[in-house]
Amino acid sequence: MSRLKSHRIRIDRLVFGGVVFCAVLAICPLIGLIFDLFVNGYKQIHFDFFIQVNPTPEEARLFQSAGLLIPGGILNGITGSFSVVAIAVLIAAPLGILMALFMYDDHSSRFSNFFHCLIVSLMGIPAIIAGMIVYLWMVEPFHSFSALAGGVSLAIVMLPMIIYSTLDALNTLPANMKEEGAALGGTYTNVIFLIILPAAKDKIISGILVAASRAVGITSPLIITALGSSEVRWNVQEPVSTVSMLLWNFFNNPSMVDMVWTTALFLFLTVIVLNIIAKSIYHGQIHT
Amino acid sequence: MDKYILEIEKLSVSYKQGSYALKEISVSLEPNKVVSVIGLALAGKSTLLRSLNRLHEIYTGIRIEGRILFKGENIMNQPVIDIRKKIGMVFQNPNVFPNMSIYQNVLYGYRLNNISLSKAENDRIAEETLRETGLWDDVKDKLQSRPNILPHSLQQQICIARALALQPEILLMDNPTAQLQPAYINVVEDMIYRLRDKMTVIIATQNLSQAARISDYTLFLEDGELIEFGDTSQLFWSPADKRTERFIMSQS
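Chains as they are written, first to last, in this note's numbering: chain S, 1 to 288; chain Z, 1 to 252.
Please keep in mind that the hints were generated in silico from the structure rather than gathered at the bench.
This one's a predicted model, so the numbers in the text were calculated from it and none came from an experiment.
Heads up, a few of these hints could be off.
As the list claims (entries may be wrong) - In silico lysine to aspartate or glutamate, EDC-like type, Cα no more than 20 angstroms apart, as pairs: (1) Z:Lys-119 x Z:Asp-82; (2) Z:Lys-16 x S:Asp-106; (3) Z:Lys-198 x Z:Glu-169; (4) Z:Lys-86 x S:Glu-179; (5) Z:Lys-16 x S:Asp-105; (6) Z:Lys-71 x Z:Asp-2; (7) Z:Lys-33 x Z:Glu-57; (8) Z:Lys-33 x Z:Asp-138; (9) Z:Lys-142 x Z:Glu-128.
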C-alpha cells in the first residue's frame, strides 16, 4: 500500500517538474531577447539619439571606421510614428466603437453575424495587403506617398482589433444597464453616450491602446504608403519615416548595426510601456 | 380627473410568432393604489410591466396588440420618453451606474432627459428622494462616492431613488426585493406603503405574503392569462377562481 503511494507521489513530482521545465523553456527566448536588446542596444543610448534625425550611411561609416559612436538619432522616426499612429487611431477608434455599438445592439440578426465573419477575416488579412490597398486607393491617384496614407493602412489593421476589444468591453456591462437608462426616459443616443460608453470607457480606451501598440511595430504597409523621410515632418500629406521603418533601413545597412539594436530596444520599450498603461487602465489602476 | 390612471384593453404580447407571453389582458387601475402582480415564473409578470412603459420597444421582433390608456390617452400616441418619465421602473437587479457618484446616480434621470436644474434644486431633489427611500442617513456623508462601495441592498435603493427622482405618476417594480437582505426588504416595503400618497405602484412579486402585506389590489397571472384581479384581501381569502385558490394554496 505504502509502496503504491510513494510511486504515485514520484509520478506526481515528475509531472510537476516537467511542467515547470517546459514553462522555463518557454520563457527562455523572451528573456534572451530582452537580454540581447539591452546588451547590444545600450551603447547608442545618448541624448542625441532622441533629438537628432537618422544619419546618412556615409556619416555612419566614417564615424564607425574612426571608432566613434554613430552620430544622429531617430527623431524623424519618433515623430513619424507618432503622426502615423495618431492618424490611424483617429480613423479607427470612432469607426470601431460605432461598429461595436451596432453589433452590441443587434447581436442576433443575420446582418450582424455577417459582420462578425467579415471582421474575423479582416483580422486575418496580412498588413502588407492593407498597405497595397491603400497604395491603390490613395498613393497612386494622388501621386504621392504620405503620412496620411500610412495612417489609413494602419487604421485598416487596427479596426478589427478595436471592434473586438470594444465589443468585449460592452459585453462586460450588466445586461440590463441599457434598459435601466431607457426606463429613465433616456433616448437611444443619450443612453449610449451618457450611460453605456462612460461605463465601458476604461476598457475601450485600454483596447485602443493595445491596438496602437501593435500598430507602432508594423512596418510593411508603411514602406509602400508612407515611404520614408530623413526629415522631421508634420505635414500629413508628405512622406514620413516611422521608428519601425528606420529599423528596417538600419538593418539593410552594414555600417549601422549598432543603431539597429538601440532602435529595436526603443521600439520594444515603447510597446511594453503602452501595454502596461493599457493594462492599468483596464484594471482601474489609472483613471481616464 | 379620470377614475382610472391606467386602463389596459385586450393587451397581448408575443416574443415569437404564434406563442403569446400575454393573452388579452384587460384591467383598469385606480390612482394612488399599490397593485401586486403575482404568478409563477414566466407567467408574464415582467412582460406586463414592460408593456406599460413601452420598454419592449428597445428590442426588435416583439409584437404588441391591444391598447393601454394612461389617464385616458393611448400611450402609443405619446412620445415614448414622456411615457417612461411618467411611468418609472425599478428592476430586479440593481444597476447603479458605476462611473458616477451616488449623487449623480440619483439625479441621472434629469441628465438623460436633457433637463438642467439649479444646484439648489438638484440638492433638494436628491435629499428628498433619498429620504423617501430611507437611504439618507446611510449615504448623506458619501454622496460624492461611487455607489459600488455600498452593499447590494443599498444599491437597489439607489436605483429606486433614481426612479423616484423624476417624480413619476406610476412606479413599476419588477420583483424589487428578490435580491435584498430581509432587513432591507422591510425598508422597501414600508416605502412602497407610503408611496401610495404620491403615485400608483405596480409591483410584480413572487412573494405572496409581500403582496398581501403591501398591496390594495392584486392581479393573478397564469401562463400569460389574467385569471383574477381584485381587492387583495378578497383575492387571498376568498378567491373567485379555482386556479387562484390552487395557486395561493400551493405557495403558502
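Hints versus structure:
1. Z:Lys-119 x Z:Asp-82: The hint is violated at about 24 angstroms.
2. Z:Lys-16 x S:Asp-106: Cα-Cα ~17 angstroms, so holds.
3. Z:Lys-198 x Z:Glu-169: Holds, at roughly 7 angstroms.
4. Z:Lys-86 x S:Glu-179: The given pair, whose Cα atoms are some 16 angstroms apart, holds under the 20 angstroms limit.
5. Z:Lys-16 x S:Asp-105: At roughly 19 angstroms apart (the allowed maximum being 20 angstroms), Asp-105 (chain S) and Lys-16 (chain Z) satisfy the hint.
6. Z:Lys-71 x Z:Asp-2: Within the cut-off at roughly 6 angstroms; holds.
7. Z:Lys-33 x Z:Glu-57: Roughly 27 angstroms separates the two Cα atoms, so the pair is violated.
8. Z:Lys-33 x Z:Asp-138: Violated, at about 28 angstroms.
9. Z:Lys-142 x Z:Glu-128: The given pair, whose Cα atoms are some 16 angstroms apart, holds under the 20 angstroms limit.
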